[in-house]
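Chemist: Hints are included, so try docking the two chains, each in its own frame, into the full complex.
Quick note, the sequences are listed as chains A and B, same order. With this note's numbering applied, the first sequence has no gaps in its numbers, which climb one by one up to 118 at the end. With this note's numbering applied, the second sequence has no gaps in its numbers, which climb one by one up to 499 at the end.
Hints in this document: simulated from the structure, not taken from any laboratory. We put the beta carbon where it would ideally sit given N, CA and C, even for glycine. Where hints are given, some of them may not hold.
Stated by the list, open to error - From the derived model, a few chain A residues whose C-beta atoms are all more than 10 Å from chain B: (1) E37; (2) T52; (3) L72; (4) E73; (5) V101; (6) V107; (7) Y108.
Claimed, not checked - Short, incomplete list of chain B residues facing chain A, as computed with Cβ under 8 Å: (8) M26; (9) L29; (10) V31; (11) V33; (12) F34; (13) A37; (14) R160.
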Amino acid sequence: MSSAYLPVLMLFGVSVLNAVGMVVASQVLNPRRATPEKDMPYESGMIPLGDTRARFSVKFYMVAISFIIFDLEAIFLIPWAVEMRALGWGGFVAVSIFMMVLVVGFVYEWKKGGLDWE
Amino acid sequence: MELEFTSRVDYIWALLPEIVLSIGAMVVLLVGVFREADDDPAAGDASPLGWISLIALAAAAMANGWLTGIPVASASPMVAVDPFRLFANWIFLGGAGLTILLSFPYVTRQRLQAGEFYTLILLCTVGMMFMASARDLLLLFLGVETMSIAAYVLTAFNRRDRRSSEAGLKYFLLGAFSSAFLLYGIALTWGATGTTNLLEIGEAVAGGAAVPGLIMAGMGLLAIGFAFKVAAVPFHMWTPDVYEGAPTPSTAFMAATVKAASFVAFARLFMEAFPALYDSWSTVFWWLAALTMIIPNVVALSQSNVKRMLAYSSIAHGGYLLVALTAANEMATAGLLFYLLVYSIMNIGALAVVMVASGHAEERLQIGDYAGFGWAQPMLGVVFTIFLLSLAGFPGTGGFMAKIYLLQGAAESELWTLAVVLALATVVSYYYYLRVAWYMWMRPAAPDLTHEEVWVPLPMRMGLVASAAILIFLGIFPGGIIDLARAATHGFFLAGVLP
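Only chain B is shown next, with the shape it has when bound in the complex (with noise of 0.2 Å):
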């Protein structure tokens, strides 16, 4: 079988993943509506529901797998069929697969509707699937609406918790307010070229046929529309009080996929459409990648609140890849996708271990409540360890091996200084992080901390354990998950455009 993209039918084989995802997603919905209406007494088990999502994202996995192995005759116009796609999917699907198994215990203890809940995820996941696959402007927006719109709900999904419905008051109104710039931009885009079409928009701006002057505002505008996404500084104000104040489950889908599929539609736009003016954004890029780093991680250094400590290290790490997407050449490139793997893995799992260790009412979320929590619970206190030393970067976990790609990739672009600042800012990120790891091994427990009581299904033990294996796996024997990245890469840039 080959995708010619001659009849419609082709097209329903190229997006089989989303169509599998999007119908696993309704009957999660159904189920999860019926469930309450019969009064089930185990109605408030989440995990039957979340059972049946993740065999849904499993379908839509073996539906990705499927079409790695399908060669494709000719560029469809719309949907892209290539392995820069099919990579990004399983991180995506991989997200959200540990997202689901990690959140049985929340979900069931908070009394979240678990049925909307992991629909809302799944439909999420549908959207990135969505923006990796979008070789339109149109279908990338519709990408990003889809995804938002679902975060938004997210966030706010505690209807009990005040903070939470803030948070979700501010994201909406944020998130609202730069798809307004994306769409403004993409307007603009089609001023310029007649089209939106990402590969003709290429052909345009390197063959002169764009209009000058519309063709960089409209470049502007979508760079400040991703910006805004991908929470790079002076972007960033949202963040914070939203991964502070939404449901764990939800900042840890948040900050992890939700932002990798916003780095891959940026780095697909930008790479497809846009090579032919990398002079200009590569420069803007630079900034927002510097300022990503520096501010965030500094802040980052005076937070007691380990949840908010998260948000900022998730905007610190925002700037890491906003490093791979100025030096955009195929080392950067691949960097990008792994970080993206190793980011998800390690964001969600500490997100998870603050997720049970929290408290009932999320009460529990300042550093000092750390204290003694590893030597009370070894298990979660090791794998929350390995968590934090990835995410700081330690030599030995995947974080470490992520941030050497991604210092390859500078080099190779001769981005020096952003390379000086990138290690300079790991540094400084070691001392937040290690500073949990310091309490909740090297100081004694306040007496009326109990953190016997925090509960840990098998499941989410197997999960998180598995977590931190594939992180340590990754440090050490990156070779093979680089190497599909690198392949992953391959045909994604126009020919001799990119330095």
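This is chain A alone, in the form it adopts within the complex (with noise of 0.2 Å):
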């Protein structure tokens, strides 16, 4: 069993080491000439103005939840579709039900207003 794991294991560790070893060699290999311009915080290319907790609209969480909920639909539809000659007429039935209840989640979200920008 454990040797089915080797292949995630290896490409786990590639990626580490490659992150850490991008990281490493800009750390060692650039060179450092430090102006008060370069020291300053980045904010394209705009001197930054005020904090950066600022408080802002409460919208565009019901836009970040709507996506969630979107997201998680194609993350259970595409395994379905994938398989879906296997699956057959249940995991038809199945992914149905599914979307009903979305889309009674849509209707809901829709009729409350959560889609309006405004």
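Modeler: Here is the structure:
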């Protein structure tokens, strides 16, 4: 059983080494000439103003939460689509029920005004 | 018809109560949001949605009753269709129905969103029913999460009230923490036995096939996770704050039904999966039970806030129920089911009276606010006194018989010390329950208290009187229900493993 997971472990090891290696290499190799401009926090070439912990509208959370729901839908639907023939009608019915539950949630969100930006 | 679990359709029949209730919950959600969107002038009134929820619960109860008569040819690997589950389902459905019936005036008065509120109660109940039926650790975890997430939202439901938000956040953080314990315990148990099926785990443990260290660690983590969920001392710290801050119907629902579901799943998990390790876990449960009976009862003595006092009382009742888990014999398990039934009725009833008596912004929760309440509102005063007496375990009420059955179960397993602690803790608890009754009847009301403004609509009145009547009936004629509870434990134990 453990040999089946060996490629995963190798992939994991290579990606960790790669990431650590890049950070270490850039620290070791880059020339450092500090100027006041370089020491400033980067903000799209602008001079930074104020605190980063600004309050922002709850609307963005609504978008984020809606995104997560439909993202999860994709997570369930894609594996089903890949194995659709093997799962047969039972799988189709199960996925349809899942979609219906999702539609109920979608109707609720729509009616509640969760999709209105203003 | 017979359930054989050879085709997938049999699973639909086996899960019919859960399916019916889920559909009902979605209907309530949609009806609620459409009423709101239409600017219905009556949209503020919670009772129509409440009645739809009650119909959904009744339909699920009918499905549950139908399932009781269906013979099961072979055990399903995932879902148990046994009398234990079906009896537990009655408790959950009854508790949810009583909470909804008694919450109409509160939801309307506090302008809570009735559609969402009742939907969450129904979905929480679906989670509980899955917990009672789960014969697989993953399904069990799914049920726990369905129940808990709905309960977190129910706690934080009154968003105009800061106490409610604070309670919701506390409950969510500690609940997520305990879920992590539970999940790690599931992972280790799987690692030790190679299966997540409770019966197969039981066989692996009994047959010595489980890795000894891992299975003990997994079982310990599962016990910690459930000890959080049932609020056993020393994992109870979140309970008083959460129960005090939550909207009162949510408190009633959590303290009674959510706790009942956690105990039912706790019992099934340890009695089906770990009976061979009884000697190890019973020692741990012994201490949990003793601490959970002693500490909250002592702390409750000094509470001046009635809602907080009832929160401590619910922790203490968890201690009495842990005695049944420690004893783990047939009598104790039947006693556990009987106790959960009685406890749900009396706790929801008591909190329902607190709900209407506490005033518009839940400001009148101190014990002094109950002075003269009984004479101003005789009907509420009498039923509240009955609920308090039953919670205390006064002879002639259901609470007394429930404690007697627990003591009998403890005696059969020769847990003499625990039985003595249970009796003494009950005597201590008389003081703080009866103090409220004494204030209600024996103290004159302060001139600025206006108990006359309490609004109790007819359905709620009927629900309260029926609950009180059931408690007295169960106190005098408990025979029928305890026989049902005893029958519900048949076939629940692996033969010859438990003492």
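Chemist: All the hints need checking, so say for each whether the structure fits it.
Modeler: Here is what the structure says about each hint:
1. At the 10 Å boundary, the C-beta of E37 (chain A) stays outside the reach of chain B, the nearest C-beta of that chain being 42 Å off.
2. No beta-carbon of chain B comes within 10 Å of the beta-carbon of T52 (chain A); the shortest separation is about 23 Å.
3. The Cβ of L72 (chain A) lies farther than 10 Å from every Cβ of chain B, with a closest approach of about 14 Å, so its non-interface assignment holds.
4. Non-interface call for E73 (chain A) relative to chain B: holds, since the shortest CB-CB distance, roughly 17 Å, exceeds 10 Å.
5. Non-interface call for V101 (chain A) relative to chain B: violated, since the shortest CB-CB distance, roughly 7 Å, does not exceed 10 Å.
6. Non-interface status of V107 (chain A) relative to chain B is broken: a Cβ of that chain comes within 10 Å, the nearest being about 6 Å off.
7. Distance check for Y108 (chain A) against chain B: the nearest CB is about 5 Å away, which does not clear 10 Å, and the non-interface claim fails.
8. A cut of 8 Å between beta carbons decides the hint on M26 (chain B): the least distance to chain A is about 5 Å, and the hint holds.
9. Here the hint on L29 (chain B) is kept, as its CB sits about 6 Å from the closest CB of chain A, short of 8 Å.
10. For the restraint placing V31 (chain B) at the interface with chain A, the shortest Cβ-Cβ distance is roughly 11 Å, beyond the 8 Å limit, so the hint is violated.
11. A least Cβ separation of about 4 Å between V33 (chain B) and chain A falls short of the 8 Å threshold, and the interface hint therefore holds.
12. The beta carbon of F34 (chain B) is positioned within 8 Å of a beta carbon in chain A (closest approach about 6 Å), and the interface hint is therefore held.
13. Hint status for A37 (chain B) relative to chain A: holds, with the closest Cβ pair at about 5 Å, below 8 Å.
14. A hinted interface residue such as R160 (chain B) counts as satisfied when its beta carbon comes closer than 8 Å to some beta carbon of chain A; here the least separation is about 16 Å, so the hint is violated.
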